[in-house]
Amino acid sequence: MLCEKCNKKSATVHLTQIVNNKKTEMHLCEECANKSSFISHTKSFGFEPEFSFQSFLSDLIGSDYVFSDKSAASCPKCGTSQRDIAKGNLLGCAKCYDTFKEQLLPVIKRIHGTTQHVGKVPEERTAGKTKLVKKLRDLKSLLKDAVSKEEFERAAKIRDEIKALEKKLGVV
Amino acid sequence: MGIKEIVNSTKIYWLTSDGPERDVVVSSRVRIARNLADIPFPGVMSDADAESIFHAVKLAVAKRNDIEFTWLRELSDAEREILMEKHLISPDLLENHEKKAVMLSEDETISIMLNEEDHLRIQSLLPGLQLERAWNLVNELDDLLEETLGYAFCEQLGYLTSCPTNVGTGLRASAMLHLPALNIINQINSIMSTVSKLRLAVRGLYGEGSEAKGNLYQVSNQITLGHTEEEILKNLNSVIKQIIDKERKARKALYEEQRYYLEDRVFRAYGTLKYARLLTSNESMNLISDVKLGANLKIIDVDPNVLNELMIITRPSYLTKYAGKKLDSHKRDILRAELVRSKLKNLN
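Top to bottom, those sequences are chains A and B.
Sequential numbering of the first sequence, starting at 8, is according to the numbering used here.
Sequential numbering of the second sequence, starting at 2, is according to the numbering used here.
Calculated directly from the structure, the hints in this document are not laboratory data.
No experiment lies behind these values; they were computed from the predicted model shown.
Incorrect hints may appear among the rest.
Stated by the list, open to error - Among chain B residues calculated to face chain A with C-beta under 10 Å, some are:
#, residue
1, Asn36
2, Tyr160
3, Thr166
4, Gly171
Said to hold, decoys possible - A few chain B residues that don't get close to chain A, going by computed Cβ distances all over 10 Å:
#, residue
5, Phe55
6, Ala277
7, Pro305
No residue lacks a Cβ here, since even glycine has one placed at the ideal position from N, Cα and C.
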């Protein structure tokens, strides 16, 4: 059987598709089948998965961005302007997040679906509490696990550990 | 091993060592973006800023004597490109490299790119599926850096980055998957659309134009804010496990139902690689992929790590480095075929 598309090579890929109860069959050669499969628009090397995402970002910001009189026209620290950001340029410094907060928050919400960080926090900000909080979270999931397996002795031990840790953290 | 030796070695830790789920997962990568609070981001910073970051970071990791630093300007063009093709630095780091620097650990498991899009990009690249271990290595180094560096961080948005797509955890985790069987049975598209609904991204690797060369795909998280690092990794890991399962099932089904077709394809690929006198980059990538599939299915006895190595040493920049001078594409095709032949000859 010859490939339906190129009519040159023999068909080695046999596809059956059922759409709305209608059955269609396709017989393709390897090459034509490959061509019809995966389409990626990227030409870059493929190191950073977010590259395509980023070019898309400038459109996102551009369309979303509202010039506002309320916030400064440019960042006092690095001089990055509202216009730069509207063009989809990268931010100039940490202060930019403050300066252009009003414009950036809706964009960030659109990208991530939220505007609240819940991950790692630098230790100095928490005076060593982060690790303890994390441990607390781990212990709580262990407790759940122990209870679900009806290992009550283990659960009691974990509960005591949690209590001690909560005391240390000042949580009531 | 110093950076120069790493450049010149064809042994690439993440590519030529064994790791979990290695039949499908080539490598796992985790990177985090960090910036210093008081210095403008790399896009607008001065030369003096770049210097001070270099020295601050160097000082911060002084305890780790397994780590070596170099400014990119101290390497040759070819050396820089090889670091990129080994995935130890990103293509971005090659552009305007004056202010940029790279740090590598001796065992190549961890690197820091300085003054790329962000002041620091800390990354770990490991063979097979080892996202958690990669994260632990990165996190550990981040803890050490944090002792002395004042990071740009805010309670609401987390770690602040040049681009708002990275804000929050600054974490991008990915795995490189070899999916030849899913490609043969035309399942890649449906997997891609399913995966993108889970806020993950899949893209072809080494692709030029419309195809994924060598059936290599990269799956990564798209969202960096609103989830903990552990949640992001767990989600990615479970999706990858499902893709692995689908690929293995597809391989098995193909082998059972189309045995001669598959064997023929594998041995033809092997024959071409073994005897061809001219090999283009695309052709060699696809042939290596076929032989890899054969090796995984035990149709043919070839060390998969040698095939991984071939994928790198047949890249244009490596050939340029090997020849010691710029080659036109015809000469590269000759050299590529020669190298492949000699590697495969050594096997028997």
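Hint-by-hint comparison with the structure:
| no. | hint | in the structure |
| --- | --- | --- |
| 1 | Asn36 | holds, 6 Å |
| 2 | Tyr160 | holds, 8 Å |
| 3 | Thr166 | holds, 6 Å |
| 4 | Gly171 | holds, 9 Å |
| 5 | Phe55 | holds, 18 Å |
| 6 | Ala277 | holds, 18 Å |
| 7 | Pro305 | holds, 20 Å |
When held up to the earlier numbered hints, the structure conflicts with none and fits them all.
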